[in-house]
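Could you put together the complete structure from these sequences and hints?
Residue numbers (our numbering), protein chains in the order written: chain A, -17 to 446; chain B, -17 to 446.
Calculated from the structure, these hints are not laboratory results.
Among these hints, one or two may not hold up.
It does not matter which identical chain is meant; a pair holds if it fits inside one copy or across any two.
[To be verified] Below, a list of computed lysine-lysine pairs in the DSS-like style, where the Cα atoms sit at most 27 Å apart:
| no. | residue 1 | residue 2 |
| --- | --- | --- |
| 1 | Lys34 | Lys(-13) |
| 2 | Lys281 | Lys170 |
| 3 | Lys409 | Lys424 |
| 4 | Lys34 | Lys424 |
| 5 | Lys(-13) | Lys179 |
| 6 | Lys409 | Lys95 |
| 7 | Lys349 | Lys170 |
| 8 | Lys424 | Lys(-12) |
| 9 | Lys262 | Lys424 |
| 10 | Lys95 | Lys241 |
| 11 | Lys28 | Lys424 |
| 12 | Lys273 | Lys349 |
| 13 | Lys(-13) | Lys409 |
Chain by chain, the residues:
Number of protein chains: 2
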Amino acid sequence: MQSGKKLLLNAFNMNSVGHISHGMWTHPQDQSPSYSSLEYWVSLAKTLERGKFDGLFLADVIGTNDVFGGSPDAALHGAVQVPINDPIIPISAMAYATQHLSFNVTANLTYEKPYLLARRFSTLDHLTNGRIGWNIVTGYLDSAARAMGLTEQIRHDNRYDMADDYLDLVYKLWEGSWEDDAVERDRKTGRFTDPQKVHRVRHNGPFYQLDAIHLCEPSPQRTPVLFQAGTSSRGRDFAARHAECIFMSSNNQNVGVTKSIVDDLRRRAVANGRAADDIKIFVGVVVVVDKTEAGAQEKLLEFQQYASAAGGLTHFSASIGEDLSRYALDEPITLQSTQAMGAILDSITRYNPGAPWTVRRLLEQMKLGSRNLPLVGSGSQVADQLAAFARETGIDGFNLMRVVTPQSYDDFVDLVVPELQQRGVYKTDYADGTLREKLFGKHAAHLSHRHYGRQFRYAPEGNN
Amino acid sequence: MQSGKKLLLNAFNMNSVGHISHGMWTHPQDQSPSYSSLEYWVSLAKTLERGKFDGLFLADVIGTNDVFGGSPDAALHGAVQVPINDPIIPISAMAYATQHLSFNVTANLTYEKPYLLARRFSTLDHLTNGRIGWNIVTGYLDSAARAMGLTEQIRHDNRYDMADDYLDLVYKLWEGSWEDDAVERDRKTGRFTDPQKVHRVRHNGPFYQLDAIHLCEPSPQRTPVLFQAGTSSRGRDFAARHAECIFMSSNNQNVGVTKSIVDDLRRRAVANGRAADDIKIFVGVVVVVDKTEAGAQEKLLEFQQYASAAGGLTHFSASIGEDLSRYALDEPITLQSTQAMGAILDSITRYNPGAPWTVRRLLEQMKLGSRNLPLVGSGSQVADQLAAFARETGIDGFNLMRVVTPQSYDDFVDLVVPELQQRGVYKTDYADGTLREKLFGKHAAHLSHRHYGRQFRYAPEGNN
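The structure is reproduced here in structure tokens:
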């Protein structure tokens, strides 16, 4: 992190009971089983705004973690991302209760019609006054494909080709259909919109076709802030072109691995005609914090009593597409699937490189219900470690995972945020404006001129 | 209306500037141009709850009213349902600000994946505590089809065959996948859900296929309250099987036409093994009310200064699929399209049966910006007319269209609601419970046992 730069911070969450730290819903203070009430979400949003979080990042998965044991039973038993509700629904209630907090919501383009998705995000952008981001995913679960009537999911690289085509289409709707001054709202003339300034979008791509005007007038950001999380080579290419924010898994605070990915992503962005810091990079982190280091260690032990390593293993099996129930406890794991393997091996090998991976070792690592190792300490210690990690790796901020909710967020707001602020590495107040302006500065409400999507903006004749 | 029966009441609205009474956004008091702010929606919801409205009915259209003149220009000019935002997005903010008001939201099944739509409505039902209805539409605009990459829309009857298949699929998810007591939430055993009580849904219909469990735990109503609006013969068959509430266009208070449709709908319901009053029938109505009849007439004249008959004609052209810009002002209209023609002719012929229809006559009828003739009078007069119309036709309630918003709703709440209450034909307080319980009585949170969809409920072995 450069001097003067402020750490960015999202809460990482899901409209479900278990998200990352599985089993924690059994903790007496954990409120995640109330995920289906609006009070739960509004209260969370207020807590995050109190802590000046930039955003609430709402992950999502369509389908169930049904690789472990070849059925959804283990996931159902432990509430491992199932049941799971639609992440978009609670947003307007949270937006109404807050002023600055943004909402970065996941939508899977493989299964959503682009014309409707474009309208949905324009509406969100309008109603939140520009506090919306889209986490672009293409999905990885066969169970989702079967739920859509396909026999198996579309091949990985092909999904990204479809995603490129999809993005071209929605850029045309968001950027190119309505001119900035198309809407006149003139009660005197009775002309609400100047039809000459609304352009028909024609798209005839390899996967998607459309002939229509966009249904929404220009929203504060037009294109929502684009988030993306893939770290495969094809995923990084996609991100270098489209993403304004990238979410990386924790890699368990491994500086070397993280830095090499960060450097590569920024290089690819520059190769795409963008500036290196046109991409904001967030790393996932699990924090257990208390007033003292001893208190935090005690809290960790207390949390571990409720965590479910079995839940973690169920989730991990689906993430890597490998049924780990078929291994004996001490049998070396020989992974067949290459899916997401690079990042995953990076993230687990730091724990004890060299020794062969077994289910027993995984279970040991998953003492908080996931493969993510927590950062444990006093507020001051955690703040130091986060700042150092950001400085050494060149990332821009963190996606804070919950352990016990809302306690994890309250603890962070009460104990870590003031320490970060004291160090001058975290904002003491929100900047005005849309999410994109908060991230990239004043007058940056719209896609940067260096961004690929900007070419789809309507330009006057002769400048098109 | 039977004695003791209470009138039901929805506000009819759309996430757009112009909805039915076109041009009224030019009125100095009209706030519809603020449709893209949450304050607008939350304030409206509070007004409706003050008036003990049963629900806010959110219409929607995907595509533009581009039949008139063969382009969307006229619709854009006058804000005739374009721009239009996604109706689902503001619901959670309104639900958080109210306790009893329900939300009947339109979703077009032709363009939404059933697996995702099922999750979206389950989520809405959870977060609103069962205050959600789904207005099932199949769409009627070619422009929507072109926006989806099709060259023209799917044929009318075929759309209903698809809808039948779609409904079977979502019933299986909502009713059949999770048993009532599947979720244990047991912090002691660590078992959130009993996997034995979650059933895999297999659907292999002519149009839709799926193999998955539903992603959501059972919501208060399971299946949202089902609204439907088609009055073609095929549409009525569909409604008699699926709909719990039917929305009919105003027919301009024509008792005979309305009663014959109502009787036919109830007959069809009974033929489907249901009770005649298992279907609640709502009729659209435009009301202009003031303290006195003279005041109301004056208000009508004032409103008419702002209305746009051209906007009404633009909307009407799209509704009937006929470009009325091709007719000279006094040339008799010879309609080519049969689409929705029955209901539409019913609704206009009352005005002046016999004389041939011309654009001039239509424009005269559209003095409030739509083909709907307003009911004008003092609160007492309007209450009498509404009660009499309901009694004579056998309908259950009204969908109140807005002229100037929120004034139309405020006027109705302040002037008509107390009169209805005095007459004993309108509730003085909300009943407890979900929307379905409010409509059909205590312990009726779920689909009636007489409803077609109920057969998809999971039943124990031997009773399946």
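Now for the hints, and whether the structure bears them out:
| no. | hint | in the structure |
| --- | --- | --- |
| 1 | Lys34 x Lys(-13) | within (16 Å within a copy, 52 Å between copies) |
| 2 | Lys281 x Lys170 | between (65 Å within a copy, 20 Å between copies) |
| 3 | Lys409 x Lys424 | within (15 Å within a copy, 52 Å between copies) |
| 4 | Lys34 x Lys424 | within (18 Å within a copy, 45 Å between copies) |
| 5 | Lys(-13) x Lys179 | neither (40 Å within a copy, 52 Å between copies) |
| 6 | Lys409 x Lys95 | neither (38 Å within a copy, 42 Å between copies) |
| 7 | Lys349 x Lys170 | between (67 Å within a copy, 18 Å between copies) |
| 8 | Lys424 x Lys(-12) | within (15 Å within a copy, 56 Å between copies) |
| 9 | Lys262 x Lys424 | within (16 Å within a copy, 53 Å between copies) |
| 10 | Lys95 x Lys241 | neither (36 Å within a copy, 40 Å between copies) |
| 11 | Lys28 x Lys424 | within (25 Å within a copy, 36 Å between copies) |
| 12 | Lys273 x Lys349 | within (22 Å within a copy, 70 Å between copies) |
| 13 | Lys(-13) x Lys409 | within (9 Å within a copy, 59 Å between copies) |
Of the numbered hints given earlier, the model fails hints 5, 6, 10; all others are met.
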